[in-house]
Every structure is written in C-alpha cells, then in structure tokens.
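With the hints as constraints, model all of the structure from the sequences given.
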Amino acid sequence: MDCCGGTDEHEDDCTEVTVKEGIDAKTVEAAKALESENYSAGFSTAIDMEFSPKGLSEDTIRFISAKKEEPEWLLDWRLAAYRRWLTMEEPTWAKVRYEPIDYQAYYYYAAPKSGAKYESIDDVPKEILETYEKLGIPLREAEVLLGVEGAAETAAAAREAPRVAVDAVFDSVSVATTFRKELEKAGVIFMSISEAVREHPELVKKYLGTVVPQSDNFFATLNSAVFSDGTFVYVPKGVRCPMELSTYFRMNAENTGQFERTLIVCDEGAYVSYLEGCTAPMRDENQLHAAVVELVALDDAEIKYSTVQNWWPGDEDGKGGIYNFVTKRGDCRGARSKISWTQVETGSAVTWKYPSCILRGDDSVGEFYSIAVTNGRQQADTGTKMIHLGKRTKSRIISKGISAGKSDNTYRGLVSINKRAEKARNFTQCDSLLIGGRCGAHTVPYVENRRADAQLEHEATTTKLSEDQLFYARQRGLGEEQAVALLVNGFVREVLQELPMEFAVEAQKLLEVSLEGSVG
Amino acid sequence: MLKIENLTATVGEAEEAKQIINGLTLEVPAGEVHAIMGPNGAGKSTLSYVLTGRSGYEVTGGSVTLNGEDILSMEPEERAAKGMFLSFQYPVEIPGVPVMTFVRTAMNSQRKLRGEDEISAPDFIKKSREIAKQLKLDAEMLKRPVNVGFSGGEKKRLEIYQMMMLEPNFLILDETDSGLDIDALKTVAEGVNAMRSPERGMLVITHYQRLLDYIKPDKVHVLSAGRIIKTGGADLAHRLEAEGYEGVVGEAV
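Taken in order, these protein sequences are the chains called A and U.
In terms of my numbering, the first sequence opens at residue 80 and continues consecutively.
In terms of my numbering, the second sequence opens at residue 33 and continues consecutively.
These aren't lab readings, by the way, just hints derived from the structure by calculation.
Be careful, since some hints might not be right.
[Claimed, not checked] Distance condition first, Cα-Cα at most 25 Å in a straight line; then the derived BS3-like pairs of lysine-lysine:
#: 1; chain 1: A; residue 1: Lys383; chain 2: A; residue 2: Lys470
#: 2; chain 1: U; residue 1: Lys175; chain 2: U; residue 2: Lys187
#: 3; chain 1: U; residue 1: Lys187; chain 2: A; residue 2: Lys543
#: 4; chain 1: A; residue 1: Lys588; chain 2: U; residue 2: Lys175
#: 5; chain 1: U; residue 1: Lys159; chain 2: U; residue 2: Lys187
#: 6; chain 1: A; residue 1: Lys316; chain 2: A; residue 2: Lys284
#: 7; chain 1: A; residue 1: Lys588; chain 2: U; residue 2: Lys144
#: 8; chain 1: U; residue 1: Lys35; chain 2: U; residue 2: Lys262
#: 9; chain 1: U; residue 1: Lys168; chain 2: U; residue 2: Lys248
[As the list claims (entries may be wrong)] Ranges of calculated distance between the beta carbons of each label pair, as one might list FRET restraints:
#: 10; chain 1: A; residue 1: Lys470; chain 2: U; residue 2: Ser87; range: 55 to 61 Å
#: 11; chain 1: A; residue 1: Glu278; chain 2: U; residue 2: Pro127; range: 48 to 54 Å
#: 12; chain 1: U; residue 1: Asn54; chain 2: A; residue 2: Glu573; range: 44 to 50 Å
#: 13; chain 1: A; residue 1: Lys260; chain 2: U; residue 2: Ser87; range: 57 to 63 Å
#: 14; chain 1: A; residue 1: Asp181; chain 2: U; residue 2: Thr92; range: 55 to 61 Å
#: 15; chain 1: A; residue 1: Glu527; chain 2: U; residue 2: Asn72; range: 52 to 58 Å
#: 16; chain 1: U; residue 1: Pro127; chain 2: A; residue 2: Glu527; range: 28 to 34 Å
#: 17; chain 1: A; residue 1: Glu573; chain 2: U; residue 2: Gln166; range: 29 to 35 Å
#: 18; chain 1: A; residue 1: Glu278; chain 2: U; residue 2: Pro154; range: 48 to 54 Å
#: 19; chain 1: A; residue 1: Asp181; chain 2: U; residue 2: Ala49; range: 52 to 58 Å
Quick caveat: nothing in here was measured; it's all calculated off a predicted structure.
A virtual CB, placed ideally from N, CA and C, is assigned to each residue, including glycine.
The following block contains the structure:
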C-alpha cells in the first residue's frame, strides 16, 4: 500500500491498517496456543540480593548514589532530575495500553549481595556467570568464538571468528567487563558507567545529558534520577575500535526496574560498533525498564549501535512482561559523522522506543534499521526521529514490523528538516507483515520540512503472510514453522544484513522462536 | 505407484464448500507418464492440490496411495518428503529469499523427514550448477529471490529446476506449458524427459495437446466434472485437439 505522498506538513495516521477478519480459524487457534515455554531466557537465578528501600524518594536516590560512591555533582544532578520528574506527567500519545504504573512498588536498586564491584572475573558469583553462560554470553577472557554456521548458502571461506568485548549488567550493577586490557592498549575506554564516573569524571561530566537532557521526557527524567548502571565507551581520536563492544543486560530480581544509562563518545575520526542484548526471567508482575542511551559522534566519527531486545513479553494472556520505555538518541555533532541504529525488537510486553539521530554536523548521516516483532498480546510503538540541522545531511529509515497473534505493532517516525539544512535528504521505507487476522499494524510517519530543496522519499507497504507462499514452501518440503521463519527472514532481510554477522544469526533464531505457534 | 480410488473432494469452507472431484479413479504405475486433459473447470488444478494436501481442499471420500501408503493423512511437507512434487501453474514469489537458499532449505528439510543427512554445500552447489546449465538458467538468477521479477517462462523453468534438484518420485505438472514460448517449452520438456525413469511416475495436467508432443504420455485421461470420463493412448490427445472436448465428452456421456 502506498502512503500518501505529501511531505511538507504534519501528517498523522497516514497509513493505518488494522486487519480484523480472519483468513482461517486455525491460524487464530495456533496463535491462542502460543505458550510461554517459547521464551528460553525465562529462568531466574537464585542469588542473595541487596535492594534499595522500595519505592522512589530522595532517600532512594541518595542510597543509590552512596552505593556507587558518586561525587556530589552527580547526586545533585540526580536530585534535580527527580524534582523535575515529580512535576511531569506520563506520556499517553503512544498506541499502547497498560495498567497505570505504581512507581512506588518498584525497587530502584538491586545488586548481588557479595558486592557490586569485582576485582577480577573470578570474584563474580558463580550463579551469575552461570546465568550468562545459559544465555550464551561468554564472559571469560578466553578467545570468544562466536562461530557461526549455516546462513550462507555458498561455501564461503570460513571467516575469522570475530571477538567481542562484553560488559554484563545484572539488575543494577555491572558484573564483568572483558577484554579491557586489550582495549586500553588502543586507548579505548570501555567500562561500566559507575566506574567511569570515578575514573574519568571529566569525560562523563562533559557528555552526560548532552544528548538526552534531564528534562527530555518523563522516562528519561526518571532514568536521570535513578539510573543504576550501564556502559561507558570512549574511543579517542582516529582510533578504530579493534573489536565489537557489547553489553548484556539481564533483569533478574523481582519487582525491580532496570534503569541503565549508556554513553558512547566517538572522538574525531573514530569508529566503534556496539551491540546490546537484553533478557529477563518470566515473572507475573510487569517489570519496568527505562533506559537512556546517548551517542556522540564528533567530526568524521562513526558509531554503529545494534540491539537485540528479547525481554520477557508476558504470557499469552498478556500477564507479566517488561515495560520497555527507552530513550535512545545519537548526536552527529561533528561534520561528516555517522550514526547507525539497528534494532531487532522481539520481546517486552510494551515497547516505547524511538532511537533517533540529531544530524547537527554538515554532511552527517543517520540511519535506522528496525525489525519489530509482536506476538501474543505484545504492543510495540517504535520508530525513529531524524532531525536534520546541518547542510547536506542524509538519513535512511528502513522499518520492518511483523505482527502475529493479538498484538499491535506501530511504526512512529519523524523526519524534520530544519531551515539551515540545505539539500537534506531522507529515504523512509516502512513495511508491515501480518500473520493471522487478529493483529494490527500501523504506520505513523510525521514529516516537518522547512526547505524547498529537501529530497524526501517515503514508501510503505502492508502485506499478509500469504497462504499461497506457505503452501508453496510446504509443498517443497518445509515444515510449517520453518516455512514461516523462512518467509519472515526474507521479509526482514534488508535489516538483518545491517547486523554484525554473529548477531544476525542470533536475531534470525530469535525471530523463529518469537513466531513459533503463530500459524497453524 | 500412485493409486486414486473413487476420490471425492470439496473446495471452500463449510456451507460454501463445493464438490469439485466426483468419484475419480486413476492409477499411474511406476515408469509411466499419464496426461490429464480437460476443459476449464473440470477440476484439474483441484486434483493437483488435493494430491499435495493444500488446506481448503477437503477430501470427503475415497483414497489415494503412493506406493501403497495412504498419503491423504499426511501434511504437505510429509508428502513432499515421500517424493510428491507439484510444478505449480502459477509459481509463487517469495521476496527476500534467494532461490538457492530456498531449495537447499527444502532439500534438507525433506532429508531430515526421511532421516537422512543434510547435503553438503559443495555437493549442493555442484548439483545446482549442472542442472542450471541443462535448463539454460543464468547462475545469477539463482541468487535472486524466488520468482520475484521472473518472466513467466523463467518461473516455469525454475519449477523444473527445483524438481530436478529435489528428485521426487512422483511428479505432477500443472499447466507447465502455459506462458512458454516454443524454445522454453523444448527446454522444459527436455528437463522433464530427463526425469523419466522406471521408478518414477508422472501426471501431466494440460489444457492443450502441444506439450504432449514433447512429453510423450503412456496414457491420456479426459477429466470432466471431476471424473475421468475417457482414457486412451497418446492419440487421444490429438483427437481432442481436432474434435474439441465437446465432441469427445459428448461421445462418452
């Protein structure tokens, strides 16, 4: 379906398609049968935890700040955010519905009791290492061989297995960061943000909150007040980070919120590729996740940020699951800088997330590649904002939404061309795939254009996984689930290609698991 | 090989279901090629879908066995693993999935269902290359998404490519000649003829006799209103061409 072509005004609900009528009852039945055992990361780890007092108050914030031995300026920063948050209202414009959140019912800090900091990886409690191992996250500083097979149909020469440095965050604290020494040699700083506050306060102070200000939005302000841990990366001038950096977030404790804060700075001419993965155990309660990610790219710098999000989506009746309210923003501060977001969103009960780029530097480039899958009763409202400020800035948006079961999947995006952004260009493509007849797909592209010389293209399609395709694949010998997986993989191919290889394979498997039982 | 006995089948849901196959009986022994001809609406395509297990086509009576095994209770992919192959009248586009990936996934899935090992990448590529050459298919085409942007002739040739790759026991060609020019028709027929063997059976469904000049049938059946109303040798096809269905059907009734 073609979206309307107008580009120079605010457009709401440009393409809105909701399919209600069923093609066949079996599909619906199968969707109903969607069971929680599909979620392989849904185990919890029994470990002694230390919590902040339940609920949110200035005392909670002082507690967190004291736990992390933070300097005065940061505590003040947090308190300022908290006081502002008290005056703010929770946003309701997204196409998601959920019970009101009782912010006093959460713990804002949870850490394994044996202490938040570990001198070496051998001090990390065995249970935590085992948890990550179960999730397939290698933390040991051994050669990390994320060897990959399959995918390629040609006998491609075995490519040298990539190495990945990992920072693992367990509830509120970072438990291990690998490959640190090697990164230090290259001058790359890769550590938890708590450590960075202590060891590189000047860098943190210089950049923290400069992309996503404290006042940005309800959830970002909350995060500024209570952020627990997260990752800090600094790549110095002219350095190409020698390996991919990765953080794994794991929410384990009950009734906790995870409020990580990630700050990545690429100095002039530097490059980094960063991967983020997330999982959580199955719990009946809704857990809250309100992260903030800030990226800064100076002149000629490039940041590639990839996410595979597999938070617990709740059970088939919509009970439990993660509320994923995340603010991610990159600032192409320097000329010719580039920031590229790639996300594969398969988890969470409710997703509210718009990784964005501020294209401030002349000739800077922003990209957003997204796959969002919803099944069961999941709701996702996700997209991006591309704010063109500099001259000849370019942005590209490729969004693939897949809805199954009774889920709702919305793409919401803004392309804004500022007065100064001469010859800015944007290309947007939003494709939706519907599996079964009780799910919804919605596309809400906003465009604000102040320049006559801007080049804007928008394409949108909505298709249904067709009975013809399924039968064709099955006649050739593919099982039904396999056929769905193959068709879906075909649908998202353009985006999968943007992911680092080992991540692409993981994402492919995740898609398969997420859509299990979606047809029948 | 393939034995169809007194088969009845409907198309459509519940009250709207329409009986299309009305007591069809047919046997194709191993090694033989049988043609099914008939006017539009006789039930030719329905028969091919019923045999391969498409949903929406419900068997209401009779039986179908392949080498003595009841196939009607099997899922489409199980039938495929047993060697049933349908060359589609309208091959389906699968965006984003390269031909080679598709065929290799299908082949390995069939092998898995049969308890066999997967084919190795070099073996697969070698085989693919040989068959592509035989069918005059460009290697680049096999890297493109299945049937997307292919011409009618290319789509049909790709069906035959898949058939030759998967080496089925029993072939159903549904209107394979439609949309083919004479050169493409010859190439396709050569591919099909290369598949003829004492162990293999074939059902060639066609509207016109043209294809049967290149794929010589052992028997020709005339399908009308969901039943076989006349069976004869290859010459029956020529008679149909000359006299039209009207004449032959009229004679049979």
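Status of each hint after checking the structure:
1. A:Lys383 - A:Lys470: The given pair, whose Cα atoms are some 22 Å apart, holds under the 25 Å limit.
2. U:Lys175 - U:Lys187: holds (14 Å)
3. U:Lys187 - A:Lys543: Distance of about 22 Å is within 25 Å: holds.
4. A:Lys588 - U:Lys175: Given that 25 Å is the threshold and the Cα spacing comes to 22 Å, the pair holds.
5. U:Lys159 - U:Lys187: holds (19 Å)
6. A:Lys316 - A:Lys284: holds (19 Å)
7. A:Lys588 - U:Lys144: holds (19 Å)
8. U:Lys35 - U:Lys262: holds (17 Å)
9. U:Lys168 - U:Lys248: Holds, at roughly 22 Å.
10. A:Lys470 - U:Ser87: 55 to 61 Å: holds (56 Å)
11. A:Glu278 - U:Pro127: 48 to 54 Å: Between Glu278 of chain A and Pro127 of chain U, where Cβ atoms are some 50 Å apart, the hint holds.
12. U:Asn54 - A:Glu573: 44 to 50 Å: This hint holds: roughly 48 Å between Cβ atoms.
13. A:Lys260 - U:Ser87: 57 to 63 Å: holds (59 Å)
14. A:Asp181 - U:Thr92: 55 to 61 Å: holds (58 Å)
15. A:Glu527 - U:Asn72: 52 to 58 Å: holds (55 Å)
16. U:Pro127 - A:Glu527: 28 to 34 Å: Holds: the Cβ-Cβ distance is about 32 Å, inside 28 to 34 Å.
17. A:Glu573 - U:Gln166: 29 to 35 Å: For Glu573 of chain A and Gln166 of chain U the Cβ distance comes to about 33 Å; the hint holds.
18. A:Glu278 - U:Pro154: 48 to 54 Å: holds (52 Å)
19. A:Asp181 - U:Ala49: 52 to 58 Å: holds (53 Å)
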